Every structure is written in structure tokens, then in C-alpha cells.
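Engineer: Sequence:
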Amino acid sequence: MSTREIITTCTRDCPNACGLIAKVENGRVRSLLGNRAHPISSQGCHKCAKFIERAYSPERVTSPLRREGDRWRRISWDEALDEIAWRMNDIKSRHGAEALLYYRGFAQRTALKLLNERFFNLFGGVTGTRGTLCGGTGQASQNLDFGERISHDPLDHQNSRSMILWGRNPAATNPYLLPIMAWIQKAGGTVILIDPVTSETRKHCDHHIQPAPGTDAFLAMAAAKRILDLGKANRTFLTECSEGFEAFHQILDCFTVDELAARCDVPVDQIELLAQVLIDQFPAAILLGWGLHRWVHAHHGIRAIDGLGAIAGIIGVPGGGISQGFEEYAPYDLSWTGDHLHPNRRRFLMPRIGQEILDAQAPPIEMIFVTAGNPVCMAPNANKVAEAFAKTPFVVVSGHFLDDTAKQAHIFLPSTTFLEEQDIVASYGHNYIGPVNRAIDPLGECKSDFEMFRALASRFPFAKDFDRTPEQWLSLLLAPTLSQGVTMEDLWSGYVRMPGAPLVPYQDRIFPTPSGKFRFMTDFTLPEKHTSPVHSGLPITDSVKESLISAENRDVDSITIYPYHLLSVSPFEWLCSELTPEDQSELTLIRMHPSEASKWGIAESDIVEITSSVGKTKARVHFDERQRRDTIVFPRGKWLQSGSSANVLTLDLVSDVGSGAPYYETRVTVRKLA
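In this text, residue positions in the sequence shown follow this note's numbering: the first is 87, and each later residue adds one.
In short, the hints are calculated from the structure, not lab data. Treat the hints with care, as some may be off.
[What the hints assert, rightly or not] Quick list of in silico lysine-lysine cross-link-like pairs, DSBU-like style, CA-CA up to 30 Å:
1) Lys493 to Lys178
2) Lys289 to Lys136
3) Lys702 to Lys493
4) Lys704 to Lys477
5) Lys704 to Lys493
6) Lys178 to Lys550
7) Lys704 to Lys758
8) Lys685 to Lys704
9) Lys136 to Lys493
10) Lys685 to Lys702
11) Lys289 to Lys685
12) Lys758 to Lys702
13) Lys685 to Lys758
14) Lys493 to Lys477
15) Lys289 to Lys272
16) Lys136 to Lys704
17) Lys109 to Lys136
Keep in mind the model is a prediction, meaning the values are calculated, not measured.
Generate the whole structure from the sequences, applying the supplied hints.
Structural biologist: This is the structure:
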């Protein structure tokens, strides 16, 4: 029996980018475990371990397909690529290159996949995307305060005396943080979870503060106000290292602590606790989660938290900081994407991708090409996205399964998994670059994106420009890193820390802003007030609930009553929409407070219909009295094919800062199905 152990790195849409060891026996991966040689992310996780089942699933598509009516016909790669090339040239000649939309998802963010953009830029500058479905709102918001968002290296958390997880769920998304949290607690420190949802991380924390959804700004301002009232603010930082503090202080003076506590629905004693931990267990590390991004006014919450950190004096301090994420494209020379060739090309907002496609004129979208994504499932207002794809004359999707987006394709191209690829990957959760070493040969006829686009490029006049080996391209892409003493051998053999990445950012108290100072939020505009309790964000009283129940016998949609916040969270069990067709047989299990469910006649495990202003779907109810009464916790990622997809419900809005997707602005009603 032939056995090998391959050092590799997880490339999935996850901040961990875990170091892995793939154990291969007779050409088949038998296990995928954490690599203890990784300095930070060495644990692996249950989702990654299950990836082997995904790679070898009998439902995985391993040959090119062409849809003919409701049926799929197997075709050759040459047949598929010849038709794609002909279509591209024909559309460009009749409508221009912008009649083609390229949608690159977030499922894999390795170095060579940057060349996908180069292919389309060489072709002529097709319509691209802008904004984000994920962390761009947080990064853009912190850029306003710091000039450039730079997070504390996770290795620096060994200097933290306390930790505040603000909207982050490490048990599901950051397992390498769990031992760090335990170490802080063992040393006598405190770990606080701030989250409207009682997540899997709750059991690992000392305290859980559970604000009303979307009210994080009020909570942060209340804690900041309390620190100021106690005379414990870091006056040196405020006077010498920041600007705009007086304006921020005026914002705080518009409220009392009691008023702010009421607005975020948090008891004053918990606000006192948060302030005292920041004062007494200095330095505290504040780690922001991705749920904070999912609001139209998300920048208010994030910037208020940054302001709280500045007042508490934890910025630029070992063990402190307000950390949101890392730049996973920092190791690369991004000029090789070719974006400079068409600087003014049309780009569609990702959070409104369905409407953008439907509204497109001069030219309309005649073709969509999707790689590493499932936007019909994962973008907001999924039914509208499905409609837009269905109305597009020609759609090409590269992936592993016939998921919701692939079902809309005319040609499906089978792509490799990271187990079948040779590449390099960086992380948005730490500062390490990792190798993606091929563990097995590609299954069936699957091709990597690089191989696919190189083969497609051979059908165009720019073929020679694209035709370099993977090794040659990686040397070009990684030139900024290689110029700092790192070798390709270093990268292939282990995990390399980004040269120059600080353990503690802003330690010199000089910020990359025009003034060189930290910038406080100076403009705080309250969200538009609504008279209906449906939109107030406050708990619904029993008397109001009774009126809603009686209204349910009429037509809930007709009077626009949506009493619950829909929190479409990252699931513990799976990652994004990385599921198989077999996984769609069960309805999504949602969490709901039992006292709320009883008012609608809903029992444990009942099947319910959940309705928003843009769609409806089914789910199965699980009672959880630890959840807020005004929320429905709905794990996202099940496909539309399951009849239980969260994004059928979510609104296609855009955040004020960062052009992000405010999924959590969605409100819903719930009713029992007979």
C-alpha cells in the first residue's frame, strides 16, 4: 500500500486558512487533519474533515455538461470551450465586451485565481462586480478611523488580559481562537461575547451581552460614556493621537447611559461590566465579527466600537486593539489582474446583483460567467437573482455540483478542489501564507481555473500573453513577497509569515491618515424612525403581539407585518453553500424562542413558513430559550432546491459604507404549516 502525507492549506471562504496534512493512500485522500506545524491555525475543523466526502461525492460533476431543455448532455472540453469562445466573440462584436458579466465568488481566493480577472481584461474589459457579500463593510469602516485597517496578529493575543468577541463566533468560524480564550481565562482574565444570538461560542465565554439586533453603536457609546464619566479615559491618546474627539463626545452627550441602554436593550449593569473589564483588565483585545457588517448603517456600530477602544486606550497597545480582519491579497502584485487595462469598466454591486443584471442597458447582459461562487443561493433576494440568471441568454458556471447557480447554466465546467491543485493561499484571519500542494490527480475531467482559462485563452489572440506555467505565474504574482527574502521553496514546504506584517499595529501612534492621527466618528445619523413596532428594533409587547396574531388571520403580507429580525448566521455544521444535492433533503433547522412560538401555535419541530417582503420559504423549528424573543436564527447556505433557503427572504440593500450586503435588515413573519 502506497501512503503519502501532503502538506497543504485550506482554501475555503473562511478566515482560518488552516494548515493541513492530507493523508493519501493509493491515490485517494483518506484523512485531512490539522497540521501542528502551522504557528496559528493548526487545528483543522469538522467542516474541513468533511470536505473529503464532498470531493468524492458520487453527485460531484466531473465532466463538462451542456443543458438542453431540462436535461444535461455530457460534452468534451473542446466542444465546451469552442462554444464559449464563439459566444464571447459574437457578443462582443454585436454589443461590446461589457455585455458579458464575470462573477468571481469567494469560495477560493488563491494566487492563481487572480488570473481569472486577467483573462477577461485581456478579452476587453467585461462587466465585473464591486462591493461585497462579506467583510468589505467592516474594512471600509475601519479605514475611516485608522486610515488603513490593520489587525493585531493573533500571536499578540498572548499579551491580552481580557477579550471581547463582538459579533464573532469562533466555535463556528475561528477555532484557533478557542485555546487563546481559554488561556486568557486560566490567567484570570475575562472573555465577553457580545452578540444578539446565543451562538456555539457562548459556552466558552464568561459573560454574554445580548443587544437588540443592529444596536451595537448604542452599546459601544454607552460603555464609552461610562469610561469617560469614571474619569478613566486615556487622555494622552485623545489629545495627542486622535482628531474629532470633541465631536464624538458631543454625540455621546446627546444621550444618557440609561437612554443608550434602552436603545440597545442591554441592562445598565452589563454596560458597567463591559466598561470595567476594559478598565480593570487592561489591555483588552476586541475582535469584530462579520455579523456587524450586515446592516445599512453598519459603519456606525463599527466606528463607535473603534471610538470605545480609543477612549479605553487599547489602540497601538500589545494585547489590545480592535481587530477585524487581514488583507489576504497583500502578498501579491495585483497589477497582473490587468484591471488597469480597463479602469472605467462597468461593475455591478454584488449585494444587488440580481437587480443590476435585470436593469442593465447599453448594453444588456447577454452572457454570465461564474467561478467559485453560488450567487443564486448566497446573494440577497435569491429569487430575483435566479430570475436575472434565467433571463440571460447564455450562462457558464464552473463548479463541483449542480447547485442553484449551476442549474441556470447553459454550459457547466467541472472544477478541481484544492486537493487537486497546486497554488498558494493567504488568509483574512491571520498573517500567514500557505502552500496548496496537490494531494491527488484531478478527478474525472476536472480542471483548475488556471488550466481552464489557459485553454480558453488559446482560442483568442492574446493566448501568448496568458500562456505561462503555474510556477512562472506564481513567481510574478508573489514578487512583492519574494523580494523580501522569501523563496518559493519556503512557500511550498511550510507556512510563511507575511514579511513586514506587524504584531501590534499603530504602536508608534502614527496612523496612515492625512493628519497621522486616529479619526473619531463625527457624524452619527440615526436610522429613519418608523411608527410601526415592526421596524422599531425593540422587543414586541404582548398587546402588540396579540394584534399581530389576530392580523395573521387576515393577510399578513397585505399589511406588511414582519415582527422578527431574520439573522441568517454562518452555520456551525457547514460552510456557506458548500453542500451536496443530497444535503438538500432536510429543511433548515431554525432557532426561535419558545414563548414566541407558542403565541403562533408553533410546537417544537413543527414545519413553518417564513415570509419577508421579498419571498417565503420553509424551515423546521427548534426551541431555544437562550435566543432573543425578537429574532429568528436561520443558518444560511441551504440551496433554493431545498425549499429552505435563507436568501429567498433577504433584502437586496447596500450598506452606506463599503457597499456591503445588509442581510440582517430583513424582517419576517412565521406561521405554522398544517
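Engineer: So which hints don't hold here, by number, going up?
Structural biologist: none
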